[in-house]
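Protein chains: 4
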Amino acid sequence: MISFESDYIEGAHPAILEALAKSNMEALSGYGSDSYTKSAKEKIALACGLSKKQSNQVYFLTGGTQTNQIVIDTMLRPFEGVISAQTGHVSVHEAGAIEFTGHKVLTIPAHEGKMKADELDSYISDFYADGNHEHMVFPGLAYISQPTEYGTLYTKKELTELSQVCRKHKIPLFMDGARLGYGLMARDSDLTLPDIARLCDVFYIGGTKVGALCGEAVVFTKENMPAHFDNLVKKHGALLAKGRLLGIQFDTLFTDDLYFKICRNAIDRAEELKSIFREKGYKFYLDSPTNQQFVILENSKMTELQKSVRFSFWEKYDESHTVVRFATSWATTKEKIEELKKLL
Amino acid sequence: MISFESDYIEGAHPAILEALAKSNMEALSGYGSDSYTKSAKEKIALACGLSKKQSNQVYFLTGGTQTNQIVIDTMLRPFEGVISAQTGHVSVHEAGAIEFTGHKVLTIPAHEGKMKADELDSYISDFYADGNHEHMVFPGLAYISQPTEYGTLYTKKELTELSQVCRKHKIPLFMDGARLGYGLMARDSDLTLPDIARLCDVFYIGGTKVGALCGEAVVFTKENMPAHFDNLVKKHGALLAKGRLLGIQFDTLFTDDLYFKICRNAIDRAEELKSIFREKGYKFYLDSPTNQQFVILENSKMTELQKSVRFSFWEKYDESHTVVRFATSWATTKEKIEELKKLL
Amino acid sequence: MISFESDYIEGAHPAILEALAKSNMEALSGYGSDSYTKSAKEKIALACGLSKKQSNQVYFLTGGTQTNQIVIDTMLRPFEGVISAQTGHVSVHEAGAIEFTGHKVLTIPAHEGKMKADELDSYISDFYADGNHEHMVFPGLAYISQPTEYGTLYTKKELTELSQVCRKHKIPLFMDGARLGYGLMARDSDLTLPDIARLCDVFYIGGTKVGALCGEAVVFTKENMPAHFDNLVKKHGALLAKGRLLGIQFDTLFTDDLYFKICRNAIDRAEELKSIFREKGYKFYLDSPTNQQFVILENSKMTELQKSVRFSFWEKYDESHTVVRFATSWATTKEKIEELKKLL
Amino acid sequence: MISFESDYIEGAHPAILEALAKSNMEALSGYGSDSYTKSAKEKIALACGLSKKQSNQVYFLTGGTQTNQIVIDTMLRPFEGVISAQTGHVSVHEAGAIEFTGHKVLTIPAHEGKMKADELDSYISDFYADGNHEHMVFPGLAYISQPTEYGTLYTKKELTELSQVCRKHKIPLFMDGARLGYGLMARDSDLTLPDIARLCDVFYIGGTKVGALCGEAVVFTKENMPAHFDNLVKKHGALLAKGRLLGIQFDTLFTDDLYFKICRNAIDRAEELKSIFREKGYKFYLDSPTNQQFVILENSKMTELQKSVRFSFWEKYDESHTVVRFATSWATTKEKIEELKKLL
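Note that the protein sequences, when read in sequence, are chains A, D, P and C.
Residues are numbered in our numbering as their position in the first sequence, beginning at 1, plus a constant of 6.
Residues are numbered in our numbering as their position in the second sequence, beginning at 1, plus a constant of 6.
Residues are numbered in our numbering as their position in the third sequence, beginning at 1, plus a constant of 6.
Residues are numbered in our numbering as their position in the fourth sequence, beginning at 1, plus a constant of 6.
Keep in mind that the hints were calculated from the coordinates and are not lab data.
A quick note: this is a predicted structure, and the numbers were derived from the prediction, not measured.
Some clues are possibly wrong.
Computed list of lysine-lysine pairs in DSS-like fashion (alpha-carbon distance at most 30 Å, straight line) [claimed, not checked]: (1) C:Lys122 <-> C:Lys59; (2) C:Lys59 <-> A:Lys313; (3) P:Lys342 <-> D:Lys28; (4) A:Lys28 <-> C:Lys340; (5) C:Lys322 <-> D:Lys176; (6) P:Lys59 <-> P:Lys313; (7) A:Lys322 <-> D:Lys176; (8) P:Lys322 <-> C:Lys122; (9) D:Lys176 <-> C:Lys228; (10) P:Lys163 <-> D:Lys44; (11) P:Lys59 <-> A:Lys176; (12) A:Lys342 <-> C:Lys44; (13) C:Lys44 <-> C:Lys228; (14) C:Lys228 <-> C:Lys313; (15) C:Lys280 <-> A:Lys342; (16) A:Lys176 <-> P:Lys176; (17) A:Lys28 <-> C:Lys313; (18) D:Lys267 <-> D:Lys280; (19) P:Lys267 <-> D:Lys342; (20) D:Lys49 <-> D:Lys280; (21) C:Lys162 <-> D:Lys59; (22) D:Lys313 <-> P:Lys59; (23) P:Lys322 <-> D:Lys28; (24) P:Lys28 <-> D:Lys347; (25) A:Lys228 <-> P:Lys176; (26) A:Lys286 <-> A:Lys313; (27) C:Lys174 <-> P:Lys322; (28) C:Lys59 <-> A:Lys44; (29) C:Lys313 <-> A:Lys59; (30) P:Lys28 <-> D:Lys313; (31) P:Lys267 <-> D:Lys267; (32) C:Lys322 <-> C:Lys280; (33) P:Lys313 <-> P:Lys342; (34) C:Lys280 <-> P:Lys322; (35) C:Lys347 <-> A:Lys28.
If you want the footprint, here are the derived chain P segments under chain A, 3+ residues with CB under 8 Å [stated by the list, open to error]: (36) 83-97; (37) 236-243.
Chain A stretches covered by chain P per the calculated footprint, using a threshold of three residues with CB under 8 Å from any CB of chain P [said to hold, decoys possible]: (38) 235-242; (39) 331-338.
We put the beta carbon where it would ideally sit given N, CA and C, even for glycine.
Input sequences plus hints: build the corresponding full structure.
Structure below.
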């Protein structure tokens with residue numbers, strides 16, 4: 007049985023386990039005040055084109071939903087909600103984690119997982135034009151994911167336009183980068199980390215799905231980390247006593263471009279996987295340039311394939327077809343792709 | 007200047023003010039434990055076809071959003087959200103009051119303000135079919151308004167179907183009746199209070215917009231009032247020390263069918279208003295059988311009319327037209343309608 | 007049966023009912039945008055020594071717990087809690103309404119219901135001295151009640167000291183004035199409304215317990231009303247559609263010093279009541295200069311008295327004695343006091 | 007520089023790192039559905055004297071505050087709060103994480119960190135005796151920590167009494183076991199894991215401070231895990247995608263009694279440390295039988311010692327003395343103790 011079920015089926019990149027083992031008996035102080043965390047923050051600030059001093063604007067959290075919840079709750083004012091594409095993770099697949107903090111998710115149309123700058127602009131403009139808007143939730147933050155939940159990517163032009171709309175309306179732009187590395191390494195992607203740091207007000211660099219055991223690195227790009235952020239993280243139940251666990255992992259990922267290299271592997275394997283499916287005459291649900299590939303399978307074929315391959319059910323396509331997801335990752339080998347080829 | 011701005015522009019029906027004055031110096035105990043509140047609850051239980059004992063399932067709150075917030079928050083379990091039509095008041099015009107309590111509003115399509123039973127059924131069925139649904143907000147309550155925010159009404163057949171879908175999926179059905187009286191008295195309405203009490207699990211009879219200074223009467227129809235409801239109301243900041251204010255008003259409204267009589271007036275005036283607009287060649291945005299009428303005005307006509315009549319902006323229709331709302335109420339006189347006629 | 011059960015057993019001062027009746031059929035716009043509300047705000051600003059322009063810093067809410075909840079929630083930052091004396095209403099008798107908004111109530115010792123300036127100062131200083139304080143709730147607001155839950159009063163000297171401590175630590179001082187009028191009119195009270203407006207950052211003038219059917223007038227004294235306060239009030243479910251109900255009542259109470267005159271009556275009756283109890287040899291639990299009197303009754307005497315007088319159980323004193331409360335109000339007559347005298 | 011700063015200064019027990027490395031490239035499904043998590047749950051159920059089937063009542067979370075927050079929020083009904091000793095972690099050092107979920111922490115006196123059964127009993131009885139209790143927060147859960155924040159322990163007799171009080175009043179008993187292993191292995195402790203599982207309704211076995219990189223194992227002992235617990239954990243932002251990280255760690259800790267063995271080391275080292283301090287004439291703040299030792303240092307001595315040893319400031323003792331904490335752990339070596347001895 008081979009598995010393309012998700013990009014979090016393996017543990018961590020071996021270099022991370024080595025770093026954890028090597029530093030294991032060092033006595034380090036807790037709650038993110040250790041030297042590895044400090045080093046990781048500095049490396050990330052540097053990779054984002056920020057100053058070393060701005061490394062205090064980098065913060066490590068444990069998982070994606072937790073990060074979305076904390077960033078959104080702490081960036082919004084009490085009368086504001088967050089705008090998301092209808093298919094956005096925060097709107098659909100976080101079990102109400104945003105609303106749990108008292109904030110509404112305001113949705114606008116999704117186009118293969120993406121929001122359009124002009125639709126965002128209209129949404130906000132219409133809000134203020136509505137005579138009744140004092141009885142409504144104010145748009146206070148725009149949430150996007152890169153890659154999106156459908157594996158698609160914003161181009162530099164699109165992100166620039168979104169950023170301009172946000173600045174025009176004075177709301178911050180937040181990018182969920184749970185799989186950011188796979189987006190950065192996609193073949194035609196024209197966005198760099200410094201671009202993202204410049205265009206977004208806050209974003210995070212995913213670790214959990216990109217080679218770490220757990221961990222997401224939040225970057226506040228405009229010296230806009232909320233006051234007493236440590237305390238707010240604690241209040242959300244999200245402060246790790248052994249902050250080293252996150253610090254060491256990101257320190258490793260951002261040493262010698264490891265983060266980028268392992269993401270390239272995922273992309274290379276995904277491109278191979280795409281070729282194989284195409285050659286075999288399969289249809290894709292949409293064209294994804296990243297590590298998640300959405301294939302339309304005949305139901306009978308799906309049942310047959312499930313005997314030897316694991317993949318994710320995504321949604322019903324029609325009576326006789328289903329959309330399923332195959333994910334590659336930092337850990338996917340060429341051999342696994344070859345094996346899949348034989349089964350198709 | 008005459009006003010059709012809303013159905014809450016006047017104070018209270020004179021009989022209410024008289025009752026308040028008459029009882030004013032009686033020493034009554036607080037927090038809804040007084041005799042007027044008791045009497046009002048019994049009259050309402052009776053009008054709903056419930057037993058006298060079930061009068062302990064009637065509860066008075068102050069306003070509509072407060073009532074929606076408290077009912078939804080106390081009826082939902084922590085992993086559940088409330089399903090509403092996209093145009094539902096709880097989804098759009100309550101400033102996030104539902105989300106403030108930690109619950110998501112789950113939306114389905116609106117058809118002139120109404121949800122369709124089959125779409126509700128599909129929504130819930132699809133939710134359970136989704137392999138990912140443990141990461142999603144469970145549908146836990148269906149919210150409808152009668153009349154809707156667009157003045158439209160569910161028929162007995164439609165409400166029965168919604169009720170059946172809710173029972174099939176074991177979720178309660180909640181009716182926002184902020185303007186319920188106007189719906190009950192609409193000319194072709196085939197729903198009675200006992201029908202509503204039978205088909206819904208909880209609903210409320212609006213006072214604020216139907217002749218009272220303030221107040222909504224919540225009715226839990228299946229002996230399903232949440233435990234320690236008094237305490238929960240207090241926790242929401244909604245327990246009035248002088249509960250008599252609500253009790254006396256509803257006691258008056260439910261004496262000698264006053265509630266129904268004054269609603270009939272609103273409907274009669276609305277029908278006259280409709281005829282006038284029709285005669286003068288105006289177009290309606292939709293066909294409303296209740297006290298709220300949505301008219302499409304040419305923008306220049308609108309500007310002219312605003313000099314002598316107050317009405318509400320609803321939404322932009324197209325570049326040169328606007329949808330506006332004219333509301334009648336228990337207090338609207340024939341004279342006022344005549345005056346409007348002259349201005350059109 | 008005569009009742010001294012509380013100060014909210016009667017309806018409203020007759021002048022209020024008259025004003026409601028007189029204005030009843032005027033078409034007024036909703037949500038506090040009417041002329042009576044505007045007038046009431048201006049009169050209150052004036053009575054507080056504020057400018058007419060600052061009348062936009064006056065806001066009407068419905069009840070005491072609601073007001074405490076909204077003021078505290080909207081004045082605190084997310085990492086802050088409110089400091090209260092251990093016996094404070096927000097700490098003990100609001101069913102967790104403050105915690106419902108996500109904020110902790112931090113308690114310091116109570117001295118007959120009051121907090122001491124030096125203990126408040128120590129509490130805050132110790133907080134910042136604690137090496138661990140980033141894991142604790144920051145003190146963000148000081149809450150006091152005037153009169154306190156025990157009928158006692160802060161003197162001008164005491165309030166000045168509290169105010170100085172708050173300014174030193176840069177946290178606002180909030181006074182719960184649910185019974186403020188009775189405090190202002192107490193015989194030896196040396197605090198005026200302008201004093202309170204000067205020394206506190208926000209406070210409210212109680213209506214519910216001081217002659218109104220419902221209503222509390224919040225005053226933000228330093229142009230510090232939270233942004234989009236209307237929206238926040240709506241989000242808390244506390245925005246009345248018929249704002250006139252609150253506006254007309256406060257407009258009446260602040261016309262010709264009515265608020266102060268009716269409070270003087272309560273104080274005069276309370277002083278008579280105190281004399282009678284003293285003459286008859288009863289002991290007081292503490293010395294209250296306001297309308298709430300706490301008497302220690304032998305249990306057998308209490309049982310006897312309950313046959314003809316209503317009063318409130320307060321707390322057990324010892325095995326054979328109980329502390330009970332007798333409350334006078336704007337509505338208490340000399341005749342009622344005489345009647346009580348006969349029963350003692 | 008040697009460090010006794012806390013019990014979370016080192017990484018993980020080497021056996022854990024080995025297990026993580028060994029399983030690293032296995033493809034495992036996410037969110038706690040993997041085989042290691044299943045195995046760990048079974049081993050823990052067994053160690054607690056529960057049935058194998060009850061292993062579905064074991065759940066892994068990431069950290070202590072997170073666990074307290076989730077257990078308390080999901081076990082309480084909306085009108086309830088949690089009772090804690092005044093020094094309880096949930097009351098003092100969690101940045102308001104409990105209140106963030108809308109629940110009050112109700113405090114009773116602490117006796118060297120412990121609550122007394124009779125005081126708990128009185129608190130609940132008095133609550134129901136209070137005429138006003140419908141306006142108060144209902145006691146809904148009792149929270150204790152074992153060892154307490156002061157290193158002290160409940161005896162079997164004390165825990166039995168607390169359990170009886172809780173059952174009498176029908177509220178669950180919750181034990182915070184962030185350092186449970188150190189309590190179980192304390193020399194005179196007469197409580198076993200099965201005792202705790204029998205006497206408590208829910209408790210957790212700490213990993214973060216007891217040899218793991220992170221992780222706490224919650225055990226619901228009466229088949230009382232809240233419905234849809236996975237979903238509720240997600241809603242709190244606490245569901246790890248790579249659940250294996252927690253499963254593998256606890257599987258290792260509960261293989262061959264590793265958890266107990268490493269805790270014994272901490273106790274042995276703590277006893278040595280106590281002897282050394284006593285021999286040198288130092289005084290203890292209280293008598294702790296576990297891995298946290300609270301010593302009273304002269305301020306000048308403290309300053310001197312800080313040059314070569316790290317320990318934690320606890321609280322001011324008097325003008326010239328300070329209470330400080332020395333913590334041993336699974337990782338503390340005999341050599342480190344010897345080194346400390348030389349410095350005293």
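Each hint tested on the structure:
1. C:Lys122 <-> C:Lys59: violated (34 Å)
2. C:Lys59 <-> A:Lys313: Satisfied, since the Cα-Cα distance of roughly 29 Å is no more than 30 Å.
3. P:Lys342 <-> D:Lys28: With Cα atoms ~20 Å apart, lysine 342 of chain P and lysine 28 of chain D stay inside 30 Å; holds.
4. A:Lys28 <-> C:Lys340: holds (22 Å)
5. C:Lys322 <-> D:Lys176: With a Cα-Cα distance of about 58 Å, the restraint between lysine 322 of chain C and lysine 176 of chain D is violated, given a limit of 30 Å.
6. P:Lys59 <-> P:Lys313: violated (53 Å)
7. A:Lys322 <-> D:Lys176: The given pair, whose Cα atoms are some 25 Å apart, holds under the 30 Å limit.
8. P:Lys322 <-> C:Lys122: holds (22 Å)
9. D:Lys176 <-> C:Lys228: holds (26 Å)
10. P:Lys163 <-> D:Lys44: It is violated: about 47 Å lies between the C-alpha atoms, which goes past 30 Å.
11. P:Lys59 <-> A:Lys176: holds (28 Å)
12. A:Lys342 <-> C:Lys44: holds (27 Å)
13. C:Lys44 <-> C:Lys228: Between lysine 44 of chain C and lysine 228 of chain C the Cα gap is close to 19 Å, so the pair holds against 30 Å.
14. C:Lys228 <-> C:Lys313: Given pair lysine 228 of chain C, lysine 313 of chain C is violated - Cα atoms ~50 Å apart, limit 30 Å.
15. C:Lys280 <-> A:Lys342: violated (57 Å)
16. A:Lys176 <-> P:Lys176: holds (28 Å)
17. A:Lys28 <-> C:Lys313: Judged against 30 Å, a Cα distance of about 27 Å means the pair holds.
18. D:Lys267 <-> D:Lys280: The hint holds at about 20 Å.
19. P:Lys267 <-> D:Lys342: The hint is violated at about 41 Å.
20. D:Lys49 <-> D:Lys280: Outside the cut-off at roughly 34 Å; violated.
21. C:Lys162 <-> D:Lys59: Given that 30 Å is the threshold and the Cα spacing comes to 49 Å, the pair is violated.
22. D:Lys313 <-> P:Lys59: holds (28 Å)
23. P:Lys322 <-> D:Lys28: Given that 30 Å is the threshold and the Cα spacing comes to 38 Å, the pair is violated.
24. P:Lys28 <-> D:Lys347: holds (28 Å)
25. A:Lys228 <-> P:Lys176: Since the Cα atoms of lysine 228 of chain A and lysine 176 of chain P sit roughly 26 Å apart, the hinted pair holds (cutoff 30 Å).
26. A:Lys286 <-> A:Lys313: It holds: about 19 Å lies between the C-alpha atoms, which stays within 30 Å.
27. C:Lys174 <-> P:Lys322: With a Cα-Cα distance of about 23 Å, the restraint between lysine 174 of chain C and lysine 322 of chain P holds, given a limit of 30 Å.
28. C:Lys59 <-> A:Lys44: Violated, at roughly 45 Å.
29. C:Lys313 <-> A:Lys59: OK: lysine 313 of chain C and lysine 59 of chain A at ~28 Å, within 30 Å.
30. P:Lys28 <-> D:Lys313: Judged against 30 Å, a Cα distance of about 27 Å means the pair holds.
31. P:Lys267 <-> D:Lys267: violated (41 Å)
32. C:Lys322 <-> C:Lys280: This hinted pair holds, its Cα atoms lying about 21 Å apart.
33. P:Lys313 <-> P:Lys342: holds (16 Å)
34. C:Lys280 <-> P:Lys322: Since the Cα atoms of lysine 280 of chain C and lysine 322 of chain P sit roughly 47 Å apart, the hinted pair is violated (cutoff 30 Å).
35. C:Lys347 <-> A:Lys28: The given pair, whose Cα atoms are some 28 Å apart, holds under the 30 Å limit.
36. 83-97: holds (count 3)
37. 236-243: holds (count 5)
38. 235-242: holds (count 5)
39. 331-338: violated (count 0)
When held up to the earlier numbered hints, the structure conflicts with 1, 5, 6, 10, 14, 15, 19, 20, 21, 23, 28, 31, 34 and 39 and fits the remainder.
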